[in-house]
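Novice: Single-letter residue listing:
Number of protein chains: 2
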Amino acid sequence: MNDFNEETLEVAVIGLGSMGMGVARSLLRSGITTRGFDLNPEALDEFAKAGGDVASDLADTVRTCRVVILMLVNAEQCDSVLFGEGGMAEAIPQGSVVLLGSTTSASYAKALDRKLQAHGLKMIDAPVSGGAVKASVGELSIMASGEPAAFDICGPVFEAIAAKIYPVGDEVGAGETVKMINQLLAGVHIASAAEAMALGMKAGLDPDMVFEIISNSAGSSWMFQNRVPHILQGDYSPKSMVDIFVKDLGIVLDAGKEMKFPLPIAASAHQQFLSASAAGYGKEDDAAVIKVYPGIELPKKQ
Amino acid sequence: MNDFNEETLEVAVIGLGSMGMGVARSLLRSGITTRGFDLNPEALDEFAKAGGDVASDLADTVRTCRVVILMLVNAEQCDSVLFGEGGMAEAIPQGSVVLLGSTTSASYAKALDRKLQAHGLKMIDAPVSGGAVKASVGELSIMASGEPAAFDICGPVFEAIAAKIYPVGDEVGAGETVKMINQLLAGVHIASAAEAMALGMKAGLDPDMVFEIISNSAGSSWMFQNRVPHILQGDYSPKSMVDIFVKDLGIVLDAGKEMKFPLPIAASAHQQFLSASAAGYGKEDDAAVIKVYPGIELPKKQ
Numbered sequence: 001m002n003d004f005n006e007e008t009l010e011v012a013v014i015g016l017g018s019m020g021m022g023v024a025r026s027l028l029r030s031g032i033t034t035r036g037f038d039l040n041p042e043a044l045d046e047f048a049k050a051g052g053d054v055a056s057d058l059a060d061t062v063r064t065c066r067v068v069i070l071m072l073v074n075a076e077q078c079d080s081v082l083f084g085e086g087g088m089a090e091a092i093p094q095g096s097v098v099l100l101g102s103t104t105s106a107s108y109a110k111a112l113d114r115k116l117q118a119h120g121l122k123m124i125d126a127p128v129s130g131g132a133v134k135a136s137v138g139e140l141s142i143m144a145s146g147e148p149a150a151f152d153i154c155g156p157v158f159e160a161i162a163a164k165i166y167p168v169g170d171e172v173g174a175g176e177t178v179k180m181i182n183q184l185l186a187g188v189h190i191a192s193a194a195e196a197m198a199l200g201m202k203a204g205l206d207p208d209m210v211f212e213i214i215s216n217s218a219g220s221s222w223m224f225q226n227r228v229p230h231i232l233q234g235d236y237s238p239k240s241m242v243d244i245f246v247k248d249l250g251i252v253l254d255a256g257k258e259m260k261f262p263l264p265i266a267a268s269a270h271q272q273f274l275s276a277s278a279a280g281y282g283k284e285d286d287a288a289v290i291k292v293y294p295g296i297e298l299p300k301k302q
Numbered sequence: 303m304n305d306f307n308e309e310t311l312e313v314a315v316i317g318l319g320s321m322g323m324g325v326a327r328s329l330l331r332s333g334i335t336t337r338g339f340d341l342n343p344e345a346l347d348e349f350a351k352a353g354g355d356v357a358s359d360l361a362d363t364v365r366t367c368r369v370v371i372l373m374l375v376n377a378e379q380c381d382s383v384l385f386g387e388g389g390m391a392e393a394i395p396q397g398s399v400v401l402l403g404s405t406t407s408a409s410y411a412k413a414l415d416r417k418l419q420a421h422g423l424k425m426i427d428a429p430v431s432g433g434a435v436k437a438s439v440g441e442l443s444i445m446a447s448g449e450p451a452a453f454d455i456c457g458p459v460f461e462a463i464a465a466k467i468y469p470v471g472d473e474v475g476a477g478e479t480v481k482m483i484n485q486l487l488a489g490v491h492i493a494s495a496a497e498a499m500a501l502g503m504k505a506g507l508d509p510d511m512v513f514e515i516i517s518n519s520a521g522s523s524w525m526f527q528n529r530v531p532h533i534l535q536g537d538y539s540p541k542s543m544v545d546i547f548v549k550d551l552g553i554v555l556d557a558g559k560e561m562k563f564p565l566p567i568a569a570s571a572h573q574q575f576l577s578a579s580a581a582g583y584g585k586e587d588d589a590a591v592i593k594v595y596p597g598i599e600l601p602k603k604q
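So the sequence lines, in the order shown, correspond to chains A and B.
Each residue of the first sequence is one higher than the last, beginning at 1 in the numbering used here.
Each residue of the second sequence is one higher than the last, beginning at 303 in the numbering used here.
One chain only, chain A, in its complex shape:
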């Protein structure tokens, strides 16, 4: 049964959260036969309505797929869908490619590559950047590493889901390492945007004015411009959650420990996200890290 159709590319997306759903929709829009799996029945409904194929279990989802994209929250989930009870590693056709779209550590990516090789599978670590909106319009940035033969197989997939592919090396793990560098900065920039806006409010400045001036000054960052509006609107509905940066800065700091390398600023930002999560804001938008700064009155939801 482990067989794929040589004529038509079939792709599976495992994990239909906001990022996975966007990727799946982009594939469908490109005319690629796309199968999907998620534990959430509502996500499966949405996917089916968009024209996706829903199978009864993980193995049936991937049985004819040349490319299997993992869009899961973390390494544990990836291990579980591949090698756990009812896992799909055995069902994926020999020679197919597992595309690791999740942000994990580079060392996990390398270990996963070895396990997949033992199953006759190729792997590309391809963490994505851009958020749910870019995912839904097929304009993600992807930092990908792996062997050239695997890249060849994934060509049409990348074309469907990404505006920009950065091929960062032939060796699995490099993609995750670059993503980690990005997440170090992204996390520090969100936490320091919150710290700066909080200080401005404490000092009695109008936060809208501060936002406008800093956006046009040397203190600006991509994250400052993207996240501070959530604070100004008092809108902490999760575009990306506090707990994602608890995880991603955790990956950064674990890598630092592994390499014996000091990362004091990343560590300090991580503590702020941990504080926010401990205070009960883990599932809110990551801009809610500003709520750990005490004694200020934040803008209310309009």
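Simulated from the structure, these hints should not be mistaken for laboratory data.
Hints are supplied without guarantee of correctness; some may be wrong.
[Unchecked claim] SDA-like mimics (lysine to any residue), calculated; alpha carbons at most 20 Å apart, straight line: (1) LYS202(A) - LYS602(B); (2) LYS291(A) - PRO564(B); (3) LYS541(B) - LYS603(B); (4) LYS202(A) - SER409(B); (5) LYS110(A) - ASP508(B); (6) LYS164(A) - SER517(B); (7) LYS559(B) - GLY204(A); (8) LYS164(A) - GLU147(A); (9) LYS260(A) - SER577(B); (10) LYS202(A) - GLY471(B); (11) LYS164(A) - ASN518(B); (12) LYS436(B) - LYS202(A); (13) LYS260(A) - GLY471(B); (14) LYS283(A) - ALA132(A); (15) LYS504(B) - LYS239(A); (16) LYS412(B) - LYS436(B); (17) LYS257(A) - GLN527(B); (18) LYS291(A) - ALA569(B); (19) LYS202(A) - SER407(B); (20) LYS257(A) - LEU507(B); (21) LYS562(B) - SER409(B); (22) LYS412(B) - LEU205(A); (23) LYS602(B) - LEU507(B); (24) LYS466(B) - PHE211(A); (25) LYS202(A) - GLU473(B); (26) LYS164(A) - GLY440(B); (27) LYS593(B) - GLN535(B); (28) LYS412(B) - GLY204(A); (29) LYS466(B) - ASP208(A); (30) LYS559(B) - ILE296(A); (31) LYS466(B) - GLN225(A).
Could you slot chain B onto chain A? The hints should help.
Specialist: Leaving out everything else, chain B in the frame of chain A:
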């Protein structure tokens, strides 16, 4: 003698470093009679060659000036030129405006305003952003606060030196407070850019590649794009020095202490600039903060 010409606006620039010289040149280009003062004779020469008027001492520099711009490194220097031995506070014509272009604390700006009022002088705190290049072409961003009558007097000056004026309030101190928020972010972004690039090098990634990818990703910041090229070129000739951020993040943290407000990320970045200064890099470009990350080989000067 304390008198100004009602017909023609005369302006003094005190401090002809890279920022002050740029401001002075922009004033001269606009046809404004500009006097200058600096302790460095080479700076005075350059200023005179550009068409500026050089007087024999501070008092003679300002005696006919309607606007006196302070472009000095810190509050101590401002106090010294105004109220120290041979200081100029007495010599500035009544009703003239002192424009505080330096980055100081808001509480210093407020105290200075009170002292200048006692001398019959107005004040605007007008810290600038944009760096030496923008200063020299008259395109600074200025965050200015003070009474409207003072703004009216300074109109032609702002027009000559700035691309954008942000009037942040009628009360002296607000300009410095906004600048402080900007400097918190600018300092954290430089230090975290260094930390991220250092981690990438430690992990064996090509730093040019990392720079290109992050510049186009959510981890980017104004400072990342501006300062990382110095690291890639191994060029630490000071565009802006490490010790400037030792000072500016120091101002941020002092303000936090005054307001009893925690700023853990700014504090962590400040420690990195202090480490760099302690290691002997205080007068190098602020991108030299990367030199405190041990065990990596930085790109050499080409």
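Novice: Hints first: check each against the structure and report whether it holds.
Specialist: Going through the hints against the structure:
1. LYS202(A) - LYS602(B): violated (44 Å)
2. LYS291(A) - PRO564(B): holds (13 Å)
3. LYS541(B) - LYS603(B): OK: LYS541(B) and LYS603(B) at ~16 Å, within 20 Å.
4. LYS202(A) - SER409(B): holds (15 Å)
5. LYS110(A) - ASP508(B): Holds - the C-alpha atoms of ASP508(B) and LYS110(A) are around 19 Å apart, at most 20 Å.
6. LYS164(A) - SER517(B): Distance ~13 Å between LYS164(A) and SER517(B) Cα, so the pair holds.
7. LYS559(B) - GLY204(A): holds (16 Å)
8. LYS164(A) - GLU147(A): Given that 20 Å is the threshold and the Cα spacing comes to 18 Å, the pair holds.
9. LYS260(A) - SER577(B): holds (19 Å)
10. LYS202(A) - GLY471(B): The given pair, whose Cα atoms are some 16 Å apart, holds under the 20 Å limit.
11. LYS164(A) - ASN518(B): holds (10 Å)
12. LYS436(B) - LYS202(A): With Cα atoms ~31 Å apart, LYS436(B) and LYS202(A) exceed 20 Å; violated.
13. LYS260(A) - GLY471(B): violated (48 Å)
14. LYS283(A) - ALA132(A): holds (16 Å)
15. LYS504(B) - LYS239(A): Given that 20 Å is the threshold and the Cα spacing comes to 32 Å, the pair is violated.
16. LYS412(B) - LYS436(B): Distance of about 27 Å is beyond 20 Å: violated.
17. LYS257(A) - GLN527(B): violated (27 Å)
18. LYS291(A) - ALA569(B): holds (19 Å)
19. LYS202(A) - SER407(B): holds (15 Å)
20. LYS257(A) - LEU507(B): holds (18 Å)
21. LYS562(B) - SER409(B): OK: LYS562(B) and SER409(B) at ~14 Å, within 20 Å.
22. LYS412(B) - LEU205(A): The hint holds at about 16 Å.
23. LYS602(B) - LEU507(B): This hinted pair holds, its Cα atoms lying about 16 Å apart.
24. LYS466(B) - PHE211(A): Distance of about 15 Å is within 20 Å: holds.
25. LYS202(A) - GLU473(B): Holds: LYS202(A) and GLU473(B) sit about 17 Å apart, inside 20 Å.
26. LYS164(A) - GLY440(B): Violated. LYS164(A) to GLY440(B) sits at ~37 Å, over the 20 Å cutoff.
27. LYS593(B) - GLN535(B): The given pair, whose Cα atoms are some 14 Å apart, holds under the 20 Å limit.
28. LYS412(B) - GLY204(A): Since the Cα atoms of LYS412(B) and GLY204(A) sit roughly 15 Å apart, the hinted pair holds (cutoff 20 Å).
29. LYS466(B) - ASP208(A): At roughly 17 Å apart (the allowed maximum being 20 Å), ASP208(A) and LYS466(B) satisfy the hint.
30. LYS559(B) - ILE296(A): With a Cα-Cα distance of about 15 Å, the restraint between LYS559(B) and ILE296(A) holds, given a limit of 20 Å.
31. LYS466(B) - GLN225(A): holds (19 Å)
Checked against the numbered hints given earlier, the structure breaks hints 1, 12, 13, 15, 16, 17, 26 and satisfies all the rest.
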